[in-house]
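Participant: Take a look at the letters that make up each chain.
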Amino acid sequence: MPVEHVMGMHVRVEGAIDAGRVFGWLRWVDATFSTYRADSEISRLGRGELDDPHPLVREVLARCEALRRETDGYFDARAGGRLDPSGYVKGWAVERAAAFGRGRFLIDAGGDVVLRGAWRVGIRHPHERGRLAAAITLADCAVATSGAYERGPHVVDPHTGRPASGLASVTVVGRDLGTADAYATAAFAAGDPRWVARLAAMAIAGDRVFTTPAWPRSGTRRARRSTRRPSARALAGRS
Amino acid sequence: MRRAVLALLVTVVAVVLLARYETTPPVTRSPDDPRRPPAIASPEPTPDGSVSALGPALVTPFSAIQVKATLKDGRLVGVETVALSGDGPHTDALNARAEPILREAALRSGSADVDVVSGATSTSEIWIESLRGAIREARRAG
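Same order as they appear, the protein sequences are chains A and B.
Position one of the first sequence corresponds to residue 1 (the numbering used here), numbered consecutively onward.
Position one of the second sequence corresponds to residue 1 (the numbering used here), numbered consecutively onward.
So here's chain A without its partners, still in its complex pose (with noise of 0.2 angstroms):
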């Protein structure tokens, strides 16, 4: 099955899907929203230099601005004291690459999914040895993990400034991968199981792990209204 090295992970098709414009469509979206290109439309909007974007860069810029709002900041574009809406992109990316297949299909984006038809998942275990936290079968729906195993933590609290704490890694399931990934890192920047309270999530902090009464346990779920807004003032206990 295709796989391509683009947006700086590891993208695998399978299924029914045309994977050279998967590919295709993610190198212009890397070529247009990267920060490490200096000539890409979000560079050159960070520096002022750009003032007529293009639809799909006001479209996603706008989303990042409706997902700050909902997650009371705790997903943030500027985070890191510039533009940076990667955080978003790469989900909302694959989200749109599923319009490139029929059927059943997968896109697996360095651990961030999108599935059509059933699909045997494993959630990955933050730091139980020899244990998948979660094997579940899933259909028509986005998974997104956020976690600190990796390279080390890569969340900021915007609030502190400092990396996050407290979960050791959050997923989330969801109709929508990019609106899944921006609640899935705001959680693990939030530090709180609560703050995924409403959603179809497995949140894992020490040798605990929660999950909530959305969290497809068995069979073969469909992803329902599971990334619809938290009331996140009141769970994330910022009131």
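Careful, some of the hints might be misleading.
[Said to hold, decoys possible] Listed below are several chain B residues computed to face chain A (Cβ distance under 10 angstroms; list not exhaustive):
no.	residue
1	Val-114
2	Asp-115
3	Val-116
4	Val-117
5	Ser-118
6	Gly-119
[What the hints assert, rightly or not] DEER-style ranges, computed between Cβ atoms:
no.	chain 1	residue 1	chain 2	residue 2	range
7	A	Arg-102	B	Val-77	37 to 45 angstroms
8	B	Asp-73	A	Ala-135	24 to 32 angstroms
9	A	Glu-65	B	Arg-140	53 to 61 angstroms
10	B	Arg-139	A	Arg-27	35 to 43 angstroms
11	A	Ala-118	B	Arg-140	27 to 35 angstroms
I should point out that these hints are in silico values taken from the structure, not numbers from a laboratory.
Just so it is clear, the structure is predicted and the values come from calculations on it, not from any experiment.
Ideal Cβ positions, reconstructed from N, Cα and C, are used throughout, including at glycine.
Keeping the supplied structure of chain A fixed, place chain B upon it in accordance with the hints.
Facilitator: Frame of chain A, contents of chain B only:
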């Protein structure tokens, strides 16, 4: 079992391609480096009729992995990681977590039976690739 093996093969074809897309050159090791994985050995038939074989030693920029698979009557009955090394404490800690996760899944089901792992790393994918090679070698010998 045949379907499971087929699924595994399908999964790991991806990893072959994945390895080709590594953008960082592999770590070069001196021949006497104790962490260097052993070369692929010949499959070993045993008195009980099972056949074991090693998969290819796969070196990523961060780790080296080699997996041994044991088949009996065409069924996967054992998986063992015989070489797993990294370039520092962080990599070793990472590998210590990544390796047994996939190992347990493979032993429990007779094959690696998840299609995808959320939060997965290239380390675990490389492990599957070595397992695939080991199964192929054991089948060839069995």
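Participant: Hint by hint, say whether it matches the structure.
Facilitator: Hints and how they fare:
1. Proximity of Val-114(B) to chain A holds as hinted, the smallest CB-CB distance being about 4 angstroms (cut-off 10 angstroms).
2. Annotation: interface hint on Asp-115(B) holds; nearest CB of chain A at approximately 4 angstroms, less than 10 angstroms.
3. The beta carbon of Val-116(B) is positioned within 10 angstroms of a beta carbon in chain A (closest approach about 5 angstroms), and the interface hint is therefore held.
4. At about 4 angstroms, the closest approach between the beta carbon of Val-117(B) and any beta carbon in chain A falls short of 10 angstroms, and the interface hint on this residue holds.
5. Taking 10 angstroms as the C-beta contact cut-off toward chain A, the hint placing Ser-118(B) at the interface holds, the least distance being around 4 angstroms.
6. With its C-beta approaching chain A no nearer than about 4 angstroms, Gly-119(B) sits inside the 10 angstroms limit, and its interface hint holds.
7. In this structure the hint that Arg-102(A) and Val-77(B) lie 37 to 45 angstroms apart at CB holds, the actual value being about 39 angstroms.
8. About 26 angstroms separates the C-beta atoms of Asp-73(B) and Ala-135(A), a value consistent with the hinted range of 24 to 32 angstroms.
9. Checked against the hint of 53 to 61 angstroms, the pair Glu-65(A) and Arg-140(B) passes, with Cβ atoms roughly 57 angstroms apart.
10. One distance hint, 35 to 43 angstroms for the beta-carbon pair Arg-139(B) and Arg-27(A), holds here, with the actual separation near 38 angstroms.
11. Restraint check, Ala-118(A) to Arg-140(B): a C-beta distance of roughly 33 angstroms satisfies the suggested window 27 to 35 angstroms.
Hint check: no violations occur; every hint is consistent with the structure.
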